[in-house]
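Residue numbers (the numbering used here), protein chains in the order written: chain A, 1 to 383; chain B, 1001 to 1383; chain C, 2001 to 2392; chain D, 3001 to 3392.
Worth double-checking, as some hints may not be accurate.
To be verified - Residues of chain A placed beyond 10 Å of chain B at every Cβ, according to the derived structure:
1) Glu8
2) Arg18
3) Ala21
4) Arg23
5) Pro36
6) Glu49
7) Arg141
8) Arg145
9) Asn212
10) Arg215
11) Ser252
12) Lys263
13) Ala277
14) Gln279
15) His280
16) Arg307
To be verified - Taking beta-carbon pairs under 8 Å as the criterion, some of the chain D residues facing chain A (in silico):
17) Gln3002
18) Phe3005
19) Asp3034
20) Leu3215
21) Arg3262
22) Leu3287
23) Leu3295
24) Arg3323
25) Val3389
26) Leu3390
Hints were generated in silico from the structure; no laboratory data involved.
Note that the coordinates shown come from a computational prediction; the quantities given were computed from them, not determined experimentally.
Cβ coordinates follow ideal geometry from the N, Cα and C atoms, glycine included.
Letter by letter, the chains look like this.
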Amino acid sequence: MDFSLSDEQRQIQEATQRLLADRYGSEARARYAATPEGYGREMWAAYAEQGLLGVPFAESLGGLGGGPLEVMLVMEAFGRALALEPYLATVVLGGGLLSRAGNEAQRALLARIAAGVLTLAVATLEPDSSGAPCDVGTRARRSERGWVIDGAKTLVAHGGGADRLIIPARVGGERTDTDGIALFLLDAQAPGLSRHDYATQDGLRAADLVLNGVRADDADVLGPAGAGGAALARVIDEGIAALCAEAVGAMSALQEMTLEYLKTRQQFGVAIGQFQALQHRAVEMFVVLEQARSMALYAALSVSDDRPAERRRALCAAKAHIGRAARHIGQEAIQLHGGLGMTLDYAAGRYFRRLTMIDLTFGSQHDHISELAKSGGLEQGSV
Amino acid sequence: MDFSLSDEQRQIQEATQRLLADRYGSEARARYAATPEGYGREMWAAYAEQGLLGVPFAESLGGLGGGPLEVMLVMEAFGRALALEPYLATVVLGGGLLSRAGNEAQRALLARIAAGVLTLAVATLEPDSSGAPCDVGTRARRSERGWVIDGAKTLVAHGGGADRLIIPARVGGERTDTDGIALFLLDAQAPGLSRHDYATQDGLRAADLVLNGVRADDADVLGPAGAGGAALARVIDEGIAALCAEAVGAMSALQEMTLEYLKTRQQFGVAIGQFQALQHRAVEMFVVLEQARSMALYAALSVSDDRPAERRRALCAAKAHIGRAARHIGQEAIQLHGGLGMTLDYAAGRYFRRLTMIDLTFGSQHDHISELAKSGGLEQGSV
Amino acid sequence: MQLQFTPAELAFRDQVREFLGQALPAALRARLTDGAIPAREEIIAWQRALNARGWAVPHWPVQWGGTNWSAIEHHIFQDELQQWPAPATLPFNVDMVGPVIAAFGSEAQKRRFLPRAANLDDWWCQGFSEPGAGSDLASLRTTATRLGDRYRVRGHKTWTTLAQHADWIFCLVRTDPTVKKQQGISFLLIDMRSKGITLRPILTIDGSHEINEVLFDDVEVPAENLVGEEGRGWDYAKYLLSRERTGIARVGSSKQLVRRIRQLAASTRRGPRVVLDDVSFRERLVLLETELKALEITQLRVVAAAQRSGGRADPLASLLKIRGSEIQQGLSELLLEVGGARAARSAPEESDSAMQWLARAAPRYFNWRKLSIYGGSNEIQRNIIAKAVLGL
Amino acid sequence: MQLQFTPAELAFRDQVREFLGQALPAALRARLTDGAIPAREEIIAWQRALNARGWAVPHWPVQWGGTNWSAIEHHIFQDELQQWPAPATLPFNVDMVGPVIAAFGSEAQKRRFLPRAANLDDWWCQGFSEPGAGSDLASLRTTATRLGDRYRVRGHKTWTTLAQHADWIFCLVRTDPTVKKQQGISFLLIDMRSKGITLRPILTIDGSHEINEVLFDDVEVPAENLVGEEGRGWDYAKYLLSRERTGIARVGSSKQLVRRIRQLAASTRRGPRVVLDDVSFRERLVLLETELKALEITQLRVVAAAQRSGGRADPLASLLKIRGSEIQQGLSELLLEVGGARAARSAPEESDSAMQWLARAAPRYFNWRKLSIYGGSNEIQRNIIAKAVLGL
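Just chain A, same shape as in the assembly:
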């Protein structure tokens, strides 16, 4: 057991932190957010240059050969900076599906992701779906020349600007079955595919998709048609681990900002951090943060578990815990900042909004507690 970083891990962490510290001030961020794609194109190029876009890909495919821990380090730094770029969508989810389910030709695309010339988005949610990874209602049926896809997707992160889209569609089985899901890799300009792009409540970009008789070839399917559910579930778990790390980065920044405010803001003639009631609340924020940090580690270290049920239980526990922590730290940060915390121009609110949305993504704290309770909890051995 060892919690220290390897030299290579430290390099990835420092490269990401340095890039973001240098080039992600709040003005720069506002400029990136205002672009049509909603993020910094030049940042994306810089990540590519540093090798960050290939962190989890095999070295033979142009990547760094890293795993969930390396992704954790990148995402934590992203969370600290509230970075807008589609790392989760393109590298973690899109790249993850190409890696796990793609054939050789499809996996060759990873090099283009790593080079920063291809962005992906994965459509994990539908207007009426439960949020369970394999709750897919979009249907693909066989036609003489391949497949025809009909359905709708919603809140596809960066779905408006991505070059290609990965669309899970059902080719068999009942609505929530793991079996019967095909993963289609489609060009964003495919006929019959319409996209409605918008900013989400945290200022990131997402899109609603409508697929109306979209045609696809067999070559557009990742892996055997109908066998995509397991990869999808696994990659969503990897997405959860990445989100947990992002949340920890954002919570760290917010906690530090709040502590600084307590030390500098004067009221009734003293720094408000002198008031013991506020001190104890600052301590609770710190305890919650450190516990969340542990849980993000647990998520990163558990997501490699090849046993789907064990892996899922660990990720449920982590996501539930992090969502709760994010809620607590977000609310307390705003409260302890008083009026200032309520203002749009001050950074605390941006962290608060992003943390709120992280809680709601891939299942909220309540969804995951409910799922974990149904699956019997973490401690299952007999006495």
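Using the hints, position chains B, C and D against chain A.
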């Protein structure tokens, strides 16, 4: 709408408070607790003398003609003093069943209760029952000369010392049906009835009962056999309202004791009540107490509602709320007292233990939240 | 002791409901139900409708439009408006400056300002908070220097709610810099069109424009706009703040929101089920309901005590503020949970009005964090209870 | 970075388990599982069994019985003992007085006391707290006056855990009344059979006898029983308190209790169903489990950091104490809930051992309130973090 007490209500309140203040110091209480019946016989006589044992009974039957509000005033004073006497068992539950379900001859017993010469206990719980009022598994079957009762009851408050016992038994219907319950008024010495008496975790007395072919006449049944469920459910709701009031009394005493401790206990050279973190926790205790006081009022004012479903929803809400408040105030009182709060000789622990047991009686906070959630909540109107 | 309303009180309640049904546009009611913020014109129209009915300023002196209602009637009126829901009357006019002018203003001020305030011909805003003096009003630094028949005002107010709509602002200003803290503060009425006033919007974290900074750069104010005596502004402010608490628990609003959440949760699909099928969601909702029911009774106790005491400020008002804000915030979280991941979708252009609640769920959750901050933060309320009630 | 144990660590864990299976009586294990408190003889027998295996005092210097384990091995050992569950080794001997004597005692003291402490030939107790000086040790008033080769001790210690079993007590005493606060305090070893010592039991709210008052009425103590230097007792106490935190989170115990609660909830009927069928109960249990899992990782982080830093005190230890006690208290509430109304039944005479857990559920809940009070209350721990970690 009016929250002020009538003159008669004030008299009842003052009479109870005065009696208890004069004669219920902690030494006296310890002496009462150590008697075989576990309470103060002379206190019981004094209550009778003051008319308190007839508070809710009709004046024509030797009572004061009061209602749930008057019972609330008595029980709140009992809670403050941690009084041990079987007021709930004899007057509220036993007397309540005689009043609501008894025939004229049976109701005549109320005068004996009011005079302090008859004590009752009502067996509301069975070893495997769910805690729902009508979950009754004890069976009574017809014999040539009346009824034969077989079954077991547990945690019958004051069941060991009571002169007579009221035993709900099933004469028809399924296990949790309201219909099919007969209420038997039995002599505590009835052949075939065995009692095992013990102190409960809060120092009060209860008993387990085993009924092994106990014989009863038709004249021993309160009301028509099989029709006792509604009265039982109603009287348990009245018991809940009474317990809510007792809890408020106990919480008031505990909150005052804690506040006093904060003002007098010195640490690091000042009274610990000067520490803002403790101040804010004392404020939360106060807020919880005042909210609980409101809820006990709500319980007392709702228990007269003749619509069973509405009444039950209100009582569920009240019991859940009070149980939660009792847990909070109990725990905080011990914590804020530090080591002293952990000692058996100090009164705080006695209040804490009694409050814990009140939460568990007639359904815990969780049981009632669950029941209220199933029944659709309090606010059910359309927008 | 009885909790039921009397027949007369019930009849009054029905009167209020009847009026609401007639006077408030159904479309506005539906939008408010979904969390929309009423427009300036809608607030004005509604207050004028109330004023025409004689109900805009019920707790003012009868001479100036008051109704002489009992405390219970005031409570019923507030509760019905909140439950409907209807827009609130403008608190700056109705609960703040009006009562202060009525109590401490000159006859000329009363005649000039009160009828216009009641009819919302003048929109008032409140100039108390300053940068660096949020909950610590006594340390304020805006100065008003007397120059003959005028004051010259310099300073910087902030968190000024809806100042962008305002015609007038009532301010606490320091008229005597030589005495310290609460002394030397006066209560001044300032025309927002005066030369030297600059308004800067402050957007809140939900992106809405509710609050502002107001800068005073040598603004000249006629001395006749001083309320009461110089140096007694702090007393008037305390009087105002002690009256501001009426209805602050917003129990009626929360009751309405509980019903709305239950309705939405019963119709919002989450895969094969609806949100309300989730046991844990239902239990969290009823847990808040029991707290709300307790708060409703607590509020009635305060109202009844006020009835008996003739309206003196009750330290329990701080309790109402604390629990009221916590309950509202808790409900805004439950509403967000009904929306779930889909609440991330911002949709200002959304034409489907049936989904407005969803587009408003996250902004409302964000915005309502203010409820425990503004108007004396919950920490300040706890300090007040610790001192005034518990004697710590 | 990796969270998995190495093969060597796993082999060590299996060794510990094998030993537990052989050395600890199954009946005692079952009773501990149900919350029973082990008897004096059982604690002694168990510590001697561990000592015979060389595992009674693993973190002492090797010369005095230490094992030279890695921090991870220490952690595995503690965790396995707690999960089994086995009785803890006596903390006063193993974690407190032993390390202090080993670090600061004379060679004669080491030879005289350490082997007997390791083998529990001497049972030690701790004389720090005094009436009026609970968490505020610096204000203590027990005095030790030097008279030639002896000290005369007068004073009053309290909250002295298990002093009724003790042969010796280690005390903080004031040897120099002229200097103030932390200075002038010394660390003294006192034979409990000395003339002038009176023991008074203090029963705790669950009715059990764990703590005591110890009164010193001119007790004569040989000067050779002074540890280290006069006036440096405060430093030794801090050294001791910083080491006391090992395993304080009691993660292993809580994991065992989670499993036990799940098992009991699955078999305890509540009408037609079992307790575990209740969704809300299950969710509250897994919520605590996720907090416990986080705490386990946090503890491992602290352990790993200690491994690297060579065992310096970590301010995160206060975090472990806070969350560890909260989780244990939360679990004791869930266990009480499994019992429900039937947990009110006190049954010391209960012969049915299968129901011992039920009879112990309420007393355990009552007793465990101490976890956030003793050993530096959680409020004190928060003060420590505020100061030492956050710099407030």
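Outcome of the hint check:
No beta-carbon of chain B comes within 10 Å of the beta-carbon of Glu8/A; the shortest separation is about 45 Å. Listed as a non-interface residue, Arg18/A keeps its Cβ farther than 10 Å from every Cβ of chain B; the least gap is roughly 40 Å. The claim that Ala21/A is not at the interface with chain B holds, since no C-beta of that chain comes within 10 Å of its own (minimum 36 Å). Residue placement check: Arg23/A keeps its beta carbon more than 10 Å from all beta carbons of chain B (closest about 42 Å).
For Pro36/A, the condition that its CB be more than 10 Å from all CB atoms of chain B holds, with the nearest at approximately 40 Å. Listed as a non-interface residue, Glu49/A keeps its Cβ farther than 10 Å from every Cβ of chain B; the least gap is roughly 50 Å. For Arg141/A, the non-interface assignment is confirmed: its Cβ lies about 43 Å from the closest Cβ of chain B, beyond the 10 Å cut-off. With a closest Cβ-Cβ approach of about 52 Å to chain B, Arg145/A is found to remain outside the 10 Å limit, as its non-interface label requires.
No Cβ of chain B approaches the Cβ of Asn212/A within 10 Å, the least distance being about 36 Å, so the stated non-interface status holds. Listed as outside the interface, Arg215/A is consistent with that label: its C-beta sits roughly 46 Å from the nearest C-beta of chain B, beyond the 10 Å cut-off. Under the 10 Å C-beta cut-off, the non-interface status given to Ser252/A relative to chain B holds; the minimum distance is some 24 Å. Look at Lys263/A: its CB is around 17 Å from the nearest CB on chain B, clear of 10 Å, so calling it non-interface holds up.
Remark: the non-interface label on Ala277/A conflicts with the geometry, its nearest Cβ contact in chain B lying 4 Å away (cut-off 10 Å). Taking the minimum C-beta to C-beta distance to chain B, about 7 Å, the non-interface status of Gln279/A is violated against the 10 Å cut. The beta carbon of His280/A is not kept farther than 10 Å from every beta carbon of chain B, the shortest such distance being approximately 4 Å. Against the 10 Å criterion, Arg307/A stays outside the reach of chain B, whose nearest CB is about 33 Å from its own CB.
For Gln3002/D, the interface hint holds, since its Cβ comes within 8 Å of a Cβ in chain A; the closest pair sits about 5 Å apart. Contact between Phe3005/D and chain A, as hinted, is supported at the beta carbon level, the nearest pair being about 6 Å apart and thus within 8 Å. Evaluation of the Asp3034/D hint against chain A yields a violated restraint, the C-beta minimum of about 10 Å exceeding 8 Å. This hint is violated: Leu3215/D has a C-beta 34 Å from the nearest C-beta of chain A, more than the 8 Å allowed.
Given the 8 Å rule on beta carbons, the hint for Arg3262/D holds: about 7 Å separates it from the nearest Cβ of chain A. Taking 8 Å as the C-beta cut-off, the interface hint given for Leu3287/D holds, the closest approach to chain A being about 6 Å. Hint on Leu3295/D holds. Least Cβ distance to chain A is approximately 7 Å, under the 8 Å limit. A least Cβ separation of about 6 Å between Arg3323/D and chain A falls short of the 8 Å threshold, and the interface hint therefore holds.
Interface restraint check: Val3389/D against chain A, minimum CB-CB distance 7 Å, threshold 8 Å, status holds. The closest approach between the C-beta of Leu3390/D and any C-beta of chain A is roughly 6 Å, which is under the 8 Å cut-off, so the hint is satisfied.
Checked against the numbered hints above, the structure violates hints 13, 14, 15, 19 and 20; every other hint is satisfied.
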